[in-house]
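Peer 1: Going by my numbering, the letters in the sequence shown line up with residues 187 to 435, in that order.
Any given hint could be a false lead.
Claimed, not checked - Derived DEER-like restraints, expressed as beta-carbon distance ranges: (1) Ala316 with Gly266: 22 to 30 Å; (2) Gln255 with Arg285: 25 to 33 Å; (3) Gly376 with Val206: 40 to 48 Å.
Quick caveat, the hints were computed from the structure, so don't treat them as lab data.
Glycine included, each C-beta is placed from N, C-alpha and C at the ideal position.
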Amino acid sequence: MDDEQLLRYSRHILLPEIGVEGQQALLDARVLIVGAGGLGSPAALYVAAAGVGTIAIADDDTVDLTNLQRQIMHTAEMVGAPKVESARLALGRLNPLTRVEGLQQRLEGAALEEQVSRADVVLDCCDNFATRHAVNRACVKYRKPLVSGAAIRFDGQVSVFDLRKPGSACYHCLFPEGEDLEEVRCAVMGVFAPIVGMIGTTQAAEALKLIIGCGTSLDGRLLLLDGLGMEWRSISLGKDPGCAVCAAA
187 MDDEQLLRYS
197 RHILLPEIGV
207 EGQQALLDAR
217 VLIVGAGGLG
227 SPAALYVAAA
237 GVGTIAIADD
247 DTVDLTNLQR
257 QIMHTAEMVG
267 APKVESARLA
277 LGRLNPLTRV
287 EGLQQRLEGA
297 ALEEQVSRAD
307 VVLDCCDNFA
317 TRHAVNRACV
327 KYRKPLVSGA
337 AIRFDGQVSV
347 FDLRKPGSAC
357 YHCLFPEGED
367 LEEVRCAVMG
377 VFAPIVGMIG
387 TTQAAEALKL
397 IIGCGTSLDG
407 RLLLLDGLGM
417 EWRSISLGKD
427 PGCAVCAAA
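With the hints as extra help, turn the sequences into a complete structure.
Peer 2: Printed below as a string of structure tokens:
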């Protein structure tokens, strides 16, 4: 690290759990964020501010006026622009030392696998089950830690699936693909603005801890947020021995 980096990240370096070695790990890391919306906005902002060296952020959507109530990475001036371009500009203003790769596409197939294989940590900040399951399958295949978040109405949830560990559950263990699960969207059901911030920043914290190797992650736990009552609950979860995705991995 040069003098500018030592000064910029000095409050991290002061923490004995991080120090110079942990901050260097962040500078050397590559994070993939799938989704540049309500969850991806706070997640990306904190990951960039913390000094992660490279952030790849994927989203095929454009900024809409209705996004601005909660998607804090985007501004009124960027309405109509691709979200990944808005993200690249916002993150560049926040931390020009971080390299941002905007992927204006819905990641799938070979492109998804390539991005997952190159990442140190993957953050699932999308809003649909098809993409969530595709990201999970790629993370299982390449044994990449996955930080998954979701939020709707006044409720949120976040978990870590550390697929580097043979005994860890995957997303499919918790929400099996093909089950009759209700697909809920903010556009239909609504969402309380700060909820996505609370979940997205928790995702960022978990991703940074995984890179640094400090603390205890949410691997094996599902953290649930009731925003109306402002209560957090933690539920233990385990690997499904019959999981169609990770059982034989």
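Peer 1: Please go over all the hints and tell whether each is borne out by the structure.
Peer 2: Here's how the hints hold up against the structure:
| no. | hint | result |
| --- | --- | --- |
| 1 | Ala316 with Gly266: 22 to 30 Å | 26 Å, holds |
| 2 | Gln255 with Arg285: 25 to 33 Å | 30 Å, holds |
| 3 | Gly376 with Val206: 40 to 48 Å | 45 Å, holds |
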